[in-house]
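Just so you know, the sequences run in chain order E and P.
In terms of this note's numbering, the first sequence has 175 at position 175, counting the first letter as 1, and numbering is strictly consecutive.
Basically this note's numbering = 1-based index in the second sequence + 328.
No wet-lab data here; the hints were simulated from the structure.
Heads up, a few of these hints could be off.
Stated by the list, open to error - Dumping the calculated DMTMM-like pairs for lysine to aspartate or glutamate here, alpha-carbon to alpha-carbon at most 25 Å:
1) Lys-325/E / Glu-348/P
2) Lys-319/E / Glu-525/P
3) Lys-319/E / Glu-379/P
4) Lys-168/E / Glu-232/E
5) Lys-168/E / Glu-379/P
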Amino acid sequence: MTAKPHLDGAHARRLLGQMIRIRLFEEKCAELYTRGKIRGFLHLYIGEEANAVGVMEALTADDSVVSTYREHGHALARGIAMGPLMAEMYGKANGTSGGRGGSMHVFDRATRFYGGNAIVGGGLPLSVGLGLAERMRSGRGAAVCLFGEGAVAEGEFHESLNLAALWKLPVLFVCENNLYAMGSAIERTESETDIHRKAEAYRIASQRVDGMDVVAVEAATRAALEHLRAGEGPQFLECRTYRFRAHSMFDAQLYRDKSEVERWKERDPIKRFADWSVAARLLHKTDIADLEKAAAVEVDQAVAFAEAGDWESVADLGKFVLMDKVPA
Amino acid sequence: MTAAPLKITYREAVKQAIREALARDPRVFLMGEDIGRYGGCYAVTKGLLQEFGEERIRDTPLSESAFVGAGIGAAMAGLRPIVEVMTVNFSLLALDQIVNNAATIPHMSGGQFAVPLVIRMATGAGRQLAAQHSHSLEGWYAHIPGLKILAPATLEDARGMLWSALQDPNPVLIFEHVNLYNMEGELPSDAGAVPIEGAALRRQGRDLSIVTYGASLHKALAAAKQLAGQGIEAEVIDLRCLRPLDDATITASIARTRRALIVDEGWRSGGISAEIGMRIAEQSFYDLDAPPMRLCGAEVPIPYPKHLEDAAIPQIETIISAATSLVRPS
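Put together the whole structure using the sequences plus the hints.
Structure (C-alpha cells):
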C-alpha cells in the first residue's frame with residue numbers, strides 16, 4: 001500500500017467509514033432481498049468499495065456523476081442519504097427517484113448524480129454531453145463516468161472516448177474492471193485485456209490503478225482531475241477490482257472458482273485499509289469498532305425510513321412521462 | 329398584421345428557424361455529421377458555421393450513439409441542443425440513447441431531470457436512395473412514451489415548429505421529408521413559432537377525410553383537387569404531430585364526412601396508420617358509413633429504380649383511386 005503524506009486520522013476515518021457504510025448497507029440489502037422487501041435485480045458492489053470511495057473523495061460539488069446499475073456504493077459515497085437510497089430499493093415514494101427506478105436507477109439532482117444506467121455502456125455518451133455542457137459554460141466541473149469492463153466491448157465506449165478526446169472535454173472515465181461481465185471472464189470477451197491501453201489509443205491519458213486500495217484510487221483520481229481541470233481533456237482510470245458476491249441475486253456463479261474468490265477476499269479493501277490505518281497509527285482499533293457501530297445504526301435507520309415510506313399513488317403512474325417544465 | 333410574403337424553400341425555412349434559435353438563445357447549439365464545413369447532407373445548415381462558429385455548430389464523427397447521447401447529457405445539464413441525424417435510418421444507431429435514455433430518464437428519475445432536446449432528421453422515399461436511406465420510421469418512434477414526434481409538412485411548420493420544440497421540456501424528434509426540402513412557396517417575412525400540438529385541417533370537404541402527414545400531405549391535396557373535378561370533396565387533415573395524436577380533429581372531421589382514408593408512406597403492419605385506424609374504430613365507429621381505409625407504403629424495403637420506388641409508396645393516382653372506391657364503391 002502506498003502511503004500518502006496528506007493522509008491524517010480524520011481522512012482515514014472518512015475513507016474507512018464510507019467503505020463500511022457501503023458494505024453494511026449492501027449486506028442488509030442482500031438480507032432484505034431474501035425477505036422479499038427488495039425485488040427485481042439487485043447487483044451488489046461488495047468487494048469494490050475502494051473504487052467508489054476513492055473516486056468520490058476527490059470530487060467537488062461542481063462535478064457530475066454518471067453511474068451504472070451497480071451503483072449503491074457510488075451513490076452513498078457521493079453523499080446521497082442512506083434513507084432515501086434504501087427507500088428506492090423498496091420502491092417507495094420517499095426513495096431517491098420516488099421509487100420509480102429501484103436498485104438500478106438511482107438519480108439525485110442535488111448531488112448531480114445522473115443515474116444508474118442499466119444499459120451497459122449507455123451512460124458514456126451522457127457523460128460526454130455533461131462534459132460538453134460544462135465546457136460550453138466555462139464551468140470548473142468534471143463529468144465522472146463509472147462503468148465496468150463489460151462496457152468496453154460496446155460501441156458506445158469507443159464512440160464516447162473518441163468524441164471526448166476529439167473535443168478535449170472534461171470527462172473522467174473510470175473503468176471498474178472486476179474481471180467479469182456478468183459471467184463472462186475478460187479473457188473470453190476482449191482481444192486486449194489491458195483496458196487502459198484502449199484509452200491510450202484515443203490519446204487519452206490513462207492509468208491503471210489497484211482498485212482494492214482506496215488511497216491509490218483517491219490519489220489517481222486527484223491526479224487525473226488536476227490534469228482535467230488544467231484543460232488537458234479527458235482522463236481515464238482502469239481500477240482493477242473484484243466483486244466478492246454474485247453478479248445479481250440470480251447468479252449461481254458457475255463461471256469462476258471459489259478459490260479465486262477466496263484469493264481476492266484476502267485483499268478485501270476494508271480490512272486491508274483498516275489494518276494499515278491501525279499499523280500506521282492513524283486509527284485506533286476502537287475507532288474501527290465505532291465506525292462499524294455508527295454504520296449499523298445508520299442502516300437500521302435507513303430500513304426504518306424505507307419501511308415507513310408510502311407507495312406512490314397509482315393515480316400518478318403517468319406523471320413525468322412528459323414533463324411540464326424543466327426542473328430548476 | 330402580417331408582413332409581406334417572401335418566396336422561400338422548405339430547406340431555407342428550416343435554416344431560418346435554426347438561425348433564429350441560435351440568435352435568440354445562447355444555450356442553443358447544433359451538432360451532427362457534416363453540418364458545418366460541408367453544410368449539411370441536405371444543405372439545410374449551409375453557412376451557419378461561418379455565422380456562429382465552431383463552438384455552436386459542431387461537426388461530429390460518425391458516432392450517432394455518442395452525439396445523440398451527448399445531446400441528451402447536455403440537455404439534462406441545462407443546454408438546448410439541436411442534434412441533426414442525417415436520415416432516420418441512421419438514427420437506429422442511436423436508438424439506445426433515444427429510447428432507453430431520452431424517453432425514460434424523466435419518468436425513471438421521478439421527475440428530477442428533463443431532457444429538453446431536439447433531434448432533427450430526414451425521412452422518407454423519393455430520391456432513389458434505396459433501402460437504407462428512404463424509410464419512414466417516424467411511426468415507430470411514435471410508439472414510444474416520453475417522446476414528441478413532429479412531421480412538419482408546410483413551410484409555416486418548417487419555419488415555426490423548431491422554436492416551440494426547443495421551448496418544450498421533453499425530447500422532440502422532428503422528421504423532415506427529403507422530398508420537401510426543395511418545395512417552394514410563400515411565407516410572411518415575420519413568420520415565427522407555431523404550436524407543436526394539434527393536427528391542421530388543410531382542406532375542407534364533405535365526402536371523406538384523408539388523414540396524412542409529411543410529404544404525403546401534398547399528394548393528398550393534389551388528389552383532392554382532382555377528386556373535386558369528379559364531384560368528390562375530400563377533407564385533408566395534416567397530422568403535424570404523430571405523438572401525441574390529435575384524435576379530436578380526426579373524429580370531428582369524420583363526424584362531418586363519415587368516411588376515412590389514412591395515407592402513410594410507412595408500412596401498414598403495426599404502423600401509425602394502424603394506430604389511427606384503431607382510434608377511428610374506437611371513437612368514430614357509429615359515425616362511419618364505410619370501413620376506414622388505409623393507403624400505405626408497400627411492405628418491401630424501398631427499392632432503387634424510380635418506377636419501383638414510386639410503386640412502393642402512395643401516389644396521387646393511388647390516393648384518387650382509393651378515395652373514389654371509398655366514396656363510390658362499385
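Kindly indicate which numbered hints from before are broken by the structure, ordering the numbers from low to high. 3
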